[in-house]
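Asks: Each chain is listed here by its residues.
Number of protein chains: 2
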Amino acid sequence: MRTLKLTVAYDGTNYHGFQKQTNALTVQQVLEEKLSLLCGEKIVTAGSGRTDTGVHARGQVVSLTTSGSIPLENLLKACAGILPKDIVLWQAEEADEGFHARYSACWKRYCYRIVQNKHADPFLRNYVWQMREYLRLEVMQEAAQLLLGTHDFSFFRSAGSVQSSPVKTIYRAEWLQKEQGELEFCIEGNGFLYHMVRNIVWHLVEVGKGTKSIAAFKSEFAAGKRHFKVAPAPPQGLYLDYVGYIPHFLADIEKIRK
Amino acid sequence: MRTLKLTVAYDGTNYHGFQKQTNALTVQQVLEEKLSLLCGEKIVTAGSGRTDTGVHARGQVVSLTTSGSIPLENLLKACAGILPKDIVLWQAEEADEGFHARYSACWKRYCYRIVQNKHADPFLRNYVWQMREYLRLEVMQEAAQLLLGTHDFSFFRSAGSVQSSPVKTIYRAEWLQKEQGELEFCIEGNGFLYHMVRNIVWHLVEVGKGTKSIAAFKSEFAAGKRHFKVAPAPPQGLYLDYVGYIPHFLADIEKIRK
Numbered sequence: 149m150r151t152l153k154l155t156v157a158y159d160g161t162n163y164h165g166f167q168k169q170t171n172a173l174t175v176q177q178v179l180e181e182k183l184s185l186l187c188g189e190k191i192v193t194a195g196s197g198r199t200d201t202g203v204h205a206r207g208q209v210v211s212l213t214t215s216g217s218i219p220l221e222n223l224l225k226a227c228a229g230i231l232p233k234d235i236v237l238w239q240a241e242e243a244d245e246g247f248h249a250r251y252s253a254c255w256k257r258y259c260y261r262i263v264q265n266k267h268a269d270p271f272l273r274n275y276v277w278q279m280r281e282y283l284r285l286e287v288m289q290e291a292a293q294l295l296l297g298t299h300d301f302s303f304f305r306s307a308g309s310v311q312s313s314p315v316k317t318i319y320r321a322e323w324l325q326k327e328q329g330e331l332e333f334c335i336e337g338n339g340f341l342y343h344m345v346r347n348i349v350w351h352l353v354e355v356g357k358g359t360k361s362i363a364a365f366k367s368e369f370a371a372g373k374r375h376f377k378v379a380p381a382p383p384q385g386l387y388l389d390y391v392g393y394i395p396h397f398l399a400d401i402e403k404i405r406k
Numbered sequence: 149m150r151t152l153k154l155t156v157a158y159d160g161t162n163y164h165g166f167q168k169q170t171n172a173l174t175v176q177q178v179l180e181e182k183l184s185l186l187c188g189e190k191i192v193t194a195g196s197g198r199t200d201t202g203v204h205a206r207g208q209v210v211s212l213t214t215s216g217s218i219p220l221e222n223l224l225k226a227c228a229g230i231l232p233k234d235i236v237l238w239q240a241e242e243a244d245e246g247f248h249a250r251y252s253a254c255w256k257r258y259c260y261r262i263v264q265n266k267h268a269d270p271f272l273r274n275y276v277w278q279m280r281e282y283l284r285l286e287v288m289q290e291a292a293q294l295l296l297g298t299h300d301f302s303f304f305r306s307a308g309s310v311q312s313s314p315v316k317t318i319y320r321a322e323w324l325q326k327e328q329g330e331l332e333f334c335i336e337g338n339g340f341l342y343h344m345v346r347n348i349v350w351h352l353v354e355v356g357k358g359t360k361s362i363a364a365f366k367s368e369f370a371a372g373k374r375h376f377k378v379a380p381a382p383p384q385g386l387y388l389d390y391v392g393y394i395p396h397f398l399a400d401i402e403k404i405r406k
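Those protein sequence lines, which keep their order, are chains V and H. Residue numbering for the first sequence is 149 to 406, as defined by this note's numbering. Residue numbering for the second sequence is 149 to 406, as defined by this note's numbering.
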């Protein structure tokens, strides 16, 4: 059996998220259907994590095992032909036996795009959070720094969370000023709770608008309790950007240690 | 009666072009429905020109007359609320009596976006022509210069053209190198034949790929005969960017002359 690691980009606009569901079209379902055709057997995939309806991915990672012998180059070419245009297979690699897109993942990067513009741009409606308000970048940057390190992120957890420890480590939380009034928030960490990034963005935007002080943000976050009243930032601004795995040689060292 | 000049941007992906049809959803139909609601009377609009299915506009101009008294500021705000998110009213102005989006237009600018990338980008699928081939910008630029001035553009006319003179004047025809492998072709002229911009782009791309020489391009164009074998460049790369009208004071001078 071969184990494959696929890197997939998708426009989430027309899907009910990544993960398979019984009664709604999802990215995973489409992928499995097409991969099954190409591999000549029923393919079951694992994704690095879910993404919600309307959320996008530039670098979702998917793992699978197959007894099929299709060369990776052919798989890439064939996928370009039979996948719908809003799902693209970027990369296909042979992986070590036991590699699992979710369980083997070490860290992830999410990005969130905001455009401050007077008039809504019809071409951005599915790809960024558009707002008329002016956001103060400096204070959002300052508040974002408070997220760095290991903390209880319960405050940014939405109801409906799968049970998992609310303690996560954030390596990077940074706003980037892009062209034409666009801001991009990049956050990297070893794990994320349900709606965590979108809830963080919502609160940082409150800080940027001046409706919440950095002190209030800090104390709410430190309290470590789930907040019921906030709406997460809208899904279309969010991108699962990259999923990081432990390099082979480090994994080998870990095996030797054990 | 008031005459209004509206500037509209739209994502043409989900419409059968701009112009009203009896059995397909078009941008003009949606605009007229919503404007009729806001003006309290049946509104009939004129657009500066048609755009095909999948073609976009950043600056389509629409004119209408109304006996309604809705202030322009309110019209803008209300449209932001009731238009679908893929159609945006950028600007609303009072215009002189007799102003007509099509007949009063002096010139137009179209832009065509091409992205050269190895893997298709799912986020660009509806907004650019994506191709794996590398295009030589210098030769496309050189060929584009041949379009400048007043010529018979029959060679770039598709079948199905509305009858109009094939002689048009082109003021600008220029390729711009943008970020991340993107090229944008900008063309400005006093009029355009059916599919003219997309046919021009198709031929310039042939030149850029090296499958057609500049000399061949030049002689085909000079022959002034419609070419049956070419497919126009795909619609999603094309944007109606700007429509130019004669300024008021010049129009007044013309009236005095008459």
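Check the hints yourself; a few may be wrong.
One copy or two, either will do: identical chains are not told apart, so a pair holds if it fits within one copy or between any two.
What the hints assert, rightly or not - Calculated pairs, EDC-like style, for lysine to aspartate or glutamate (alpha carbon to alpha carbon, straight line, at most 16 angstroms): (1) K373 with D244; (2) K360 with E189; (3) K326 with E221; (4) K190 with E180; (5) K233 with D269; (6) K190 with E322; (7) K153 with E290; (8) K357 with E281; (9) K233 with E189; (10) K266 with E221; (11) K225 with D269; (12) K316 with D300; (13) K326 with E180; (14) K168 with D389; (15) K366 with D244; (16) K366 with E241; (17) K153 with D300; (18) K326 with E241; (19) K190 with D200; (20) K182 with E354; (21) K153 with E245; (22) K373 with D300.
Since the hints were made in silico from the structure, they are not lab data.
Asks: Compare the structure with each hint and give your call.
Replies: Okay, the hints, checked on the actual structure:
{"no.": "1", "hint": "K373 with D244", "verdict": "neither (40 angstroms within a copy, 61 angstroms between copies)"}
{"no.": "2", "hint": "K360 with E189", "verdict": "neither (54 angstroms within a copy, 45 angstroms between copies)"}
{"no.": "3", "hint": "K326 with E221", "verdict": "neither (35 angstroms within a copy, 30 angstroms between copies)"}
{"no.": "4", "hint": "K190 with E180", "verdict": "within (8 angstroms within a copy, 50 angstroms between copies)"}
{"no.": "5", "hint": "K233 with D269", "verdict": "between (23 angstroms within a copy, 8 angstroms between copies)"}
{"no.": "6", "hint": "K190 with E322", "verdict": "neither (42 angstroms within a copy, 51 angstroms between copies)"}
{"no.": "7", "hint": "K153 with E290", "verdict": "neither (37 angstroms within a copy, 45 angstroms between copies)"}
{"no.": "8", "hint": "K357 with E281", "verdict": "within (7 angstroms within a copy, 45 angstroms between copies)"}
{"no.": "9", "hint": "K233 with E189", "verdict": "neither (23 angstroms within a copy, 42 angstroms between copies)"}
{"no.": "10", "hint": "K266 with E221", "verdict": "between (46 angstroms within a copy, 13 angstroms between copies)"}
{"no.": "11", "hint": "K225 with D269", "verdict": "between (34 angstroms within a copy, 14 angstroms between copies)"}
{"no.": "12", "hint": "K316 with D300", "verdict": "within (7 angstroms within a copy, 67 angstroms between copies)"}
{"no.": "13", "hint": "K326 with E180", "verdict": "neither (36 angstroms within a copy, 36 angstroms between copies)"}
{"no.": "14", "hint": "K168 with D389", "verdict": "neither (20 angstroms within a copy, 41 angstroms between copies)"}
{"no.": "15", "hint": "K366 with D244", "verdict": "neither (43 angstroms within a copy, 57 angstroms between copies)"}
{"no.": "16", "hint": "K366 with E241", "verdict": "neither (43 angstroms within a copy, 47 angstroms between copies)"}
{"no.": "17", "hint": "K153 with D300", "verdict": "neither (31 angstroms within a copy, 55 angstroms between copies)"}
{"no.": "18", "hint": "K326 with E241", "verdict": "neither (32 angstroms within a copy, 32 angstroms between copies)"}
{"no.": "19", "hint": "K190 with D200", "verdict": "neither (25 angstroms within a copy, 41 angstroms between copies)"}
{"no.": "20", "hint": "K182 with E354", "verdict": "neither (43 angstroms within a copy, 33 angstroms between copies)"}
{"no.": "21", "hint": "K153 with E245", "verdict": "within (11 angstroms within a copy, 65 angstroms between copies)"}
{"no.": "22", "hint": "K373 with D300", "verdict": "within (9 angstroms within a copy, 72 angstroms between copies)"}
Checked against the numbered hints given earlier, the structure breaks hints 1, 2, 3, 6, 7, 9, 13, 14, 15, 16, 17, 18, 19, 20 and satisfies all the rest.
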